[in-house]
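Given only the sequences and the hints, what does the whole structure look like? Please build it.
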Amino acid sequence: MADLNIPNLNIKSDKYIFKNKLNLRRKSKRRLFTESFFLFILSFLLVYINYLIPNKNLLLQNLPLTLNKSFLLLIDLFSYIYEILLVIFIFVSLFTALILMIGSLYRLFRVSKRKSKQIIYK
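Under my numbering, read the sequence shown as residues 936 to 1057, first letter to last.
Any given hint could be a false lead.
For each label pair, taking beta carbons as the anchor points, the in silico distance ranges come out as [claimed, not checked]:
1) L1029 with L1009: 22 to 32 angstroms
2) N992 with R961: 42 to 52 angstroms
3) T1031 with L993: 38 to 48 angstroms
4) L967 with Y1015: 53 to 63 angstroms
5) N997 with R960: 48 to 58 angstroms
6) T1031 with N985: 30 to 40 angstroms
7) I1016 with N985: 34 to 44 angstroms
Hints are computed from structural coordinates only; laboratory data are not their basis. C-beta atoms are modelled at their ideal positions from N, C-alpha and C, and glycine is treated no differently.
The following block contains the structure:
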């Protein structure tokens, strides 16, 4: 009887979880007018800033060359990163090998210095 699952009909569907939180009212004409006015001012400001940029034609003509140089610098950067990581790997591997050699020599030294089997009596 404990395994019987009775469906709970009071749980609302997840499909309408945000239905009551949406603003379903339409915007007034005044608000639409003010928003469109602000959008127009913003677009005019962007056009004006674009107008103030000097030598736009020269910048646009040099864009492919600039992108090519940037791409080559990026490739050089990755090649240098590869070399740096390779040097770091060399140092880390040498340090690890040194620690392993010292540990193995210390263990060989301890094994060779052991006098005899120590029998513990209780």
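**Study point:** Non-conforming hints, listed in increasing numerical order
**Key:** Violated hints (numbers, rising): 3 and 6; every other hint is consistent with the structure.
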